[in-house]
Each structure stands twice: as C-alpha cells, then as structure tokens.
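Chemist: Take a look at the letters that make up each chain.
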Amino acid sequence: MSQQMSHVQIIGLKTDLLATIRVLGALGCVHIDDVDAMPEFSLSRLTLDPAMARHADELNLRLLQVKGLIETLDISEDQRPAHANGEDSPERVLEAVDNLLPVVQGLAARRDRLVSESGLLPRFLSTMRKLLPLFLSTVREPDHVSFGVLVNRGQAEVLDIIAAQVDDVTGGRAETAIGPLDATTSAMLIAVPRAAADAIGAMLDRHDVSRLRLPPEFDSSSPEAAIASLSRRLEAIPAEIAALDRQLQEIAEQWSSRLRYCAAALQDELETYQVLPQLGQTETTFVLAGWVPARQMPALQAALESEIGERILVSTTPMTEELERRAPVALENPGVARPFESLVHLYSTPRYGELDPSRFMALFMPIFFGMMLGDIGYGALLLVFTLWMRRRFKRGIGRDLANILALGAGWAIIFGLLFGELFGTLGESVGLRPLLFDRADSDHVIDLMALAISVGAAHIALGLLLGLWEAIRQHNRHALMERGGRLVGLIALFLLVGVLVDLLPAGFMTPAIALLIVGTSLLAWSLGGTGVIVAPIEMIGLVGNVLSYLRIAAIGLSSVYLALVANEMAGIVGSVVVGVIIAVLLHALNLVLGAFSPTIQSLRLHYVEFFRNFYEGGGRLYAPYRSRLSPRE
Amino acid sequence: MEAGLMAIGAGLAIGLAALATGFAQARIGSAGAGTIAEKPDLVGVIILLVAIPETMVILGFATAAMILLLGG
Numbered sequence: 001m002s003q004q005m006s007h008v009q010i011i012g013l014k015t016d017l018l019a020t021i022r023v024l025g026a027l028g029c030v031h032i033d034d035v036d037a038m039p040e041f042s043l044s045r046l047t048l049d050p051a052m053a054r055h056a057d058e059l060n061l062r063l064l065q066v067k068g069l070i071e072t073l074d075i076s077e078d079q080r081p082a083h084a085n086g087e088d089s090p091e092r093v094l095e096a097v098d099n100l101l102p103v104v105q106g107l108a109a110r111r112d113r114l115v116s117e118s119g120l121l122p123r124f125l126s127t128m129r130k131l132l133p134l135f136l137s138t139v140r141e142p143d144h145v146s147f148g149v150l151v152n153r154g155q156a157e158v159l160d161i162i163a164a165q166v167d168d169v170t171g172g173r174a175e176t177a178i179g180p181l182d183a184t185t186s187a188m189l190i191a192v193p194r195a196a197a198d199a200i201g202a203m204l205d206r207h208d209v210s211r212l213r214l215p216p217e218f219d220s221s222s223p224e225a226a227i228a229s230l231s232r233r234l235e236a237i238p239a240e241i242a243a244l245d246r247q248l249q250e251i252a253e254q255w256s257s258r259l260r261y262c263a264a265a266l267q268d269e270l271e272t273y274q275v276l277p278q279l280g281q282t283e284t285t286f287v288l289a290g291w292v293p294a295r296q297m298p299a300l301q302a303a304l305e306s307e308i309g310e311r312i313l314v315s316t317t318p319m320t321e322e323l324e325r326r327a328p329v330a331l332e333n334p335g336v337a338r339p340f341e342s343l344v345h346l347y348s349t350p351r352y353g354e355l356d357p358s359r360f361m362a363l364f365m366p367i368f369f370g371m372m373l374g375d376i377g378y379g380a381l382l383l384v385f386t387l388w389m390r391r392r393f394k395r396g397i398g399r400d401l402a403n404i405l406a407l408g409a410g411w412a413i414i415f416g417l418l419f420g421e422l423f424g425t426l427g428e429s430v431g432l433r434p435l436l437f438d439r440a441d442s443d444h445v446i447d448l449m450a451l452a453i454s455v456g457a458a459h460i461a462l463g464l465l466l467g468l469w470e471a472i473r474q475h476n477r478h479a480l481m482e483r484g485g486r487l488v489g490l491i492a493l494f495l496l497v498g499v500l501v502d503l504l505p506a507g508f509m510t511p512a513i514a515l516l517i518v519g520t521s522l523l524a525w526s527l528g529g530t531g532v533i534v535a536p537i538e539m540i541g542l543v544g545n546v547l548s549y550l551r552i553a554a555i556g557l558s559s560v561y562l563a564l565v566a567n568e569m570a571g572i573v574g575s576v577v578v579g580v581i582i583a584v585l586l587h588a589l590n591l592v593l594g595a596f597s598p599t600i601q602s603l604r605l606h607y608v609e610f611f612r613n614f615y616e617g618g619g620r621l622y623a624p625y626r627s628r629l630s631p632r633e
Numbered sequence: 001m002e003a004g005l006m007a008i009g010a011g012l013a014i015g016l017a018a019l020a021t022g023f024a025q026a027r028i029g030s031a032g033a034g035t036i037a038e039k040p041d042l043v044g045v046i047i048l049l050v051a052i053p054e055t056m057v058i059l060g061f062a063t064a065a066m067i068l069l070l071g072g
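Respectively, the protein sequence lines represent chains A and B. Heads up: the first sequence runs through residues 1 to 633, numbered per the numbering used here. Heads up: the second sequence runs through residues 1 to 72, numbered per the numbering used here.
Mixed in with the good hints, there may be bad ones.
[What the hints assert, rightly or not] Listed next, with one range per pair, are the computed distances between beta-carbon atoms:
| # | chain 1 | residue 1 | chain 2 | residue 2 | range |
| --- | --- | --- | --- | --- | --- |
| 1 | B | 15 | A | 588 | 25 to 33 Å |
| 2 | B | 18 | A | 568 | 17 to 25 Å |
| 3 | B | 19 | A | 154 | 49 to 57 Å |
| 4 | A | 92 | B | 30 | 31 to 39 Å |
| 5 | A | 92 | B | 27 | 55 to 63 Å |
| 6 | B | 40 | A | 336 | 22 to 30 Å |
| 7 | A | 617 | B | 4 | 30 to 38 Å |
| 8 | A | 120 | B | 27 | 45 to 53 Å |
| 9 | B | 27 | A | 584 | 31 to 39 Å |
Since the hints were made in silico from the structure, they are not lab data. The C-beta atom is built at its ideal place from N, Cα and C for all residues, glycine as well.
Sequences and hints are given; from them, build the entire structure.
Modeler: Here it is in structure tokens:
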C-alpha cells in the first residue's frame, strides 16, 4: 500500500527563504519538486546571490576540514541523527576545531613517519648486516662521507668502473670495497673526503644504480654499534606508535559526538543551499512545489505558521492525472511486509496508485524459500544466524535481509517437518518421519514436481487475478483482455492436463479445448494485428512460466542429495572424528548454498513469473528533504 | 541395456541444457558486471537477467526426471 500524497505549493518572501527551508528540514516530510515541474507558473529558477555562494564555499571548506578530522581520528559513521552536547552550537565547535586541527594533524603525521620507519628499518638492517664484512675504517672518520651502491650480479663490472671513476675524482683519497650481498645482488661501499661528496653523488646518479643511504650513526660509531642502535630504535617504534594511538583515541572519544554533530550541521546547511536551485522565484518571493503525505499536511501548515507567521502561503493542488503520474510513492506496509519493500524497489518502484506487491512477496517468497530448503536443521541454524544479523544490523538492507531470511528459515523448518528432513536423512536415526512425503525417495519425485507446479500455477493465477483487478481499476480494456485471456488459457491448460493424466473425467476435454480457444482469442484480440500468430506462442510461453516453478523441486532435490552425500561420506571414512569434520564441512556448504540459491530463485520467480501479470512499476521514490540533526535533547 | 540408454538420455537432457544455461549466463553475467560497474542501481535488473536462462536447465531436469521415472 502507498500513502496518499498531497501536492503542496509554498509561496513566501525571499527574506524568509532560509527559515522556511530549515523548518522543512526539521519536519522531514516534504519531497521537493524541481521548478521545471511547475510549467503552469512562468518562474525563473532561484539562484544563489554572491554572498550565499561565498558562504556555501566556506561551508564546504569547513566541512572538508571536519570530515578530515573524523577520518584521521577513525570516528565511525553512525546512521542515527547527530545531536549536540549541552549548549554546543556549530559555531562554537568550529572555533574549537581550529585549535584541534593542527594538534591532530601533527600527531597523525608523526604516526605516519613512525609507521613508515618501522617498515623500512627491518629491510635496511638486514642489508646492513650482510654488508658488515665490507665496512671500512674510513667510513667512521668525521671528515669522510659514505655511499652505498647495489647492482645486479650480472652488472657487477659497473662497480669496477665506478671504483675507477671514484679514484679519478678523489685523486686516490677514497676507499672502496666490493662484495656479494646475496645470490642476485652485489654491493659496494665508498668512503670519500667530504669535499668530494657532491661530485661523487652526481657521478653515481649518472650511473643509474641503486643507492643505499647510510644513516648518520654509521659515520660516528662502529658499524656493529650503529646496527645495534638502529635495532633498539626499531624495537622502540611500536611503543611510540601505541602512545600516539592512545592520544588520538582519547581525542576521538572526547570529540566524537561534537565532530559528528558539527559535520551534520555543516552538511545540513550546505544541503539547504543545494536545495535552493530547485525552487522558483519572482522579484520578491520564492515558490516551492513538492509532495507531502496527506496526513502530515496539518503538521506542515502548523509548523510554517508558527515559525513564519502570515508571511507564508501553503496550499494544496487538487490531484489530476498528470499530477498522479508525477507523484512520488511512499510505501506503507505492516511490519512483516516492510522488509520486502526494498526488494520491490530493487525491481522497480511502484507508480502512485499502483498495487504494491510487497505483501504478496512477504507471503509467497518465504514459502518458496522454505519449500526449496525444507530442512529442520538448516532452518534452525539459519534462524540463529538471522538473530545474530538482527543484533548486528539495526537498520538498512542488512536488517531487511535478516528479517526476510528469518521468515524463510521458519518456513524451512515447517517444510522440514512435512518432508521429514533433519540435515538430510539424519532425522531417520532419531525417528523423524515425513508428514507429507520424503523428498529423498525417488518414488516421490513426481509428487514433488506436481507440488511445485501446483504452487506455481496458483501463484501465476493470483498474479493474473491481481492484473485483472488493476485493469478494471484503471479502466484499461486492453490489459483486461490480455490478462483475462491468459487466465482462461491457464485454466484450460490445467483442465487438459487433468484429463490427459486421468485426474478428470474425459467429459472435461471439450470444455477445456473451448476455454483454450476463448483464452487464445482474447489474447489475440488484445495483441492487435499480429495477435493471431503471437497469441498461441504466448500461450506456450505461459506453459513455460508454470514449468519454471519446477526449480522449486530441482533446487530442493539438490539440497537433499547434497545432505545425503554429506551423511554418506561421513559414514564411509573409518574415523568418527574425520567423518564428523567432513559432514560438518559439507553441511556448512549446503547451508550456504541453501541460503543463497533459494533466495535468488524465489526472487526471480516473483520478478519474472509473478510481477509480469499485474505490475509495471516506473514510479518515483518518496525522498523528503530532511535534516541530519535530531531535535536537541 | 535399456536402463543404460535411459540413463544416458537423461544425462544428455540435463547436461546439454546445463551447458546451454551456463553459456548464456556467462555472457549475460560478464555484460552485467560491466553494467553494474557503471551504474550500480541496475544490480536488481542484472540479477534478474542472469537468472532468466535457468529455465532451460529446469526444463532439462524435468525431461531427465520424466525419462528416468516414466520411461520403460
């Protein structure tokens, strides 16, 4: 069911514009339409004056700063509206943010440097330990500078060339040592007088070799002491990082709600400016057109009157066909069906006034799911999982999925009792007997398929009846003929099959054929010129749609046989422990498949076989302009 | 002999149908992945399109079941 909507027009003075938008944001019930949707008024689009545009840019910059702080402090997103602590206003929080920003940036930069150092130091130390035998005494002299060079073993002759050039440049006052570093790398250490350091550095750059930058410790103490000093440094880094993390964590705890509030308030104000171009304007007034649920209209009028007074005009426009085509849709369903609204929106949002299929999905989708999974053990485990999901996800698509799976798990337990399945055939060992029939028994495969086809035929027939109802409501004769023809054809096909399998007396054959001809004729008439050729093909397509429900039987059987294999394999292996592990793994796999595949297939049956008979969709979702802030506590 | 031929027939019925389904879904799935990358809102429609060819393997299963259960 969708809520009844009213088309509202709000006309006020430009001086009251921002106050009006704030009232609408606080109420959160008006879906604002673009000014182009009001062709009956010749209005120009509202534009931001230079002062507003500058203010919007400033807000954007401040928002980026606050969001940057939130990200640096690793403050998690919270879907609930933010609220202020005590007497905080966004302006006061922003003043404090100006002082906080350099502190947090400094801490974060120090942390980043330490993390980078802790990544580089181990590799560096490992290289230096391998170079230890090459270290020269001249490396430690204060007036000497050291260079390290690494090359591939295959290019080791480059090192000899470099050594010769170093000798030339320093006039023989340098020392070099060459040695293998590992299987693929050769290393070279060079100690040169400080005066020649720049020339040697430039020469090495020209040779395009890997340079090893030696730290200052290697110039002032022995290599062993320098390596020990760097090792101590490496051990101390985690403690320093932990201390910085604690500081950042304390700041995050202290500032979390204030920063989220500030970000929400800034975003609110920015969105106020983003909404303005959707409005129309005259020289002194603004014009806002939108949609509000009819029952919230009095609250809207009262709020605007209280805040703005008599300077604002709020009126509703009588609904016309054109307005109905543009109206957004706010679905309203009881709690059980509400999670299925997101599945309907996934296919297509209903048009205003169109039948909402959510309740029918809420009834049939869990039944199909249960028929396919049909196991007490899997259903119980899935139910436990959905309870965990409900605790983990308080709102959104995760919560909806948990509720949908919970319903499906319940029906899986019911069908598990009907089919006598507990983790496949394990139930037999505890005396569990099927109340209907055993799916795993090959004698009952035909019964299972017949059950699936019967459910499918009933589902499609319901879809066609709903389609007929919609066609009558909309006075659409074309749709009435098409859907009526399909329904009559479906009944005829089942009478025919009933006669052919001796379920019905032979006397039903003639009425069945007559009904088939009537149904095909109605369908052909609704399809127009090519209907004579297309209608019989459509009737065959209808058979295909019914047979599509055989997937309920097929997926159910695959689940049963996989569970059977899990139990049999556990028995074949000699050891009880190994057998249990194998059984648990295979049953876990079957459970995952059993949760995923029936969901997708049930969804597909609804989207393709059910919806096509009565549902068009193509509507707009009701998305009211709403403040991110909750009312102050 | 007859039972063996029936088993082969049933295997071919479902096997070939499954191959056809897999071939169709592979092409739809890869096109769908590209579509979702550009327009994530279409994920529902893509799931639907990928699931549609499964009717072929379902009918293959029905044929195989009929051969095995009703044949002979």
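Chemist: Could you tell me whether the CB distance from residue 15 of chain B to residue 588 of chain A stays inside 25 to 33 Å?
Modeler: holds, 28 Å
Chemist: Are residue 18 of chain B and residue 568 of chain A spaced within 17 to 25 Å by their CB atoms?
Modeler: holds, 24 Å
Chemist: Using the C-beta atoms of residue 19 of chain B and residue 154 of chain A, is the stated range 49 to 57 Å upheld?
Modeler: With a Cβ separation near 51 Å, residue 19 of chain B and residue 154 of chain A satisfy 49 to 57 Å, so the hint holds.
Chemist: Using the beta carbons of residue 617 of chain A and residue 4 of chain B, state whether their distance is inside 30 to 38 Å or not.
Modeler: 51 Å Cβ-Cβ, so the 30 to 38 Å window is violated.
Chemist: Between residue 120 of chain A and residue 27 of chain B, is the Cβ distance one that fits in 45 to 53 Å?
Modeler: holds, 48 Å
Chemist: Should the hint that residue 27 of chain B and residue 584 of chain A are 31 to 39 Å apart at their CB atoms be regarded as holding?
Modeler: holds, 37 Å
Chemist: For the range 31 to 39 Å, tell me whether the beta carbons of residue 92 of chain A and residue 30 of chain B fit it or not.
Modeler: Because 55 Å falls outside the window, the suggested range is violated.
Chemist: Mind checking the hinted window 55 to 63 Å against the Cβ distance between residue 92 of chain A and residue 27 of chain B?
Modeler: The hinted range 55 to 63 Å holds for residue 92 of chain A and residue 27 of chain B, with Cβ atoms some 60 Å apart.
Chemist: Take a look at whether the Cβ-Cβ distance between residue 40 of chain B and residue 336 of chain A falls inside 22 to 30 Å.
Modeler: Hint holds: Cβ distance 28 Å, inside 22 to 30 Å.
Checked against the numbered hints above, the structure breaks hints 4, 7 and satisfies the rest.
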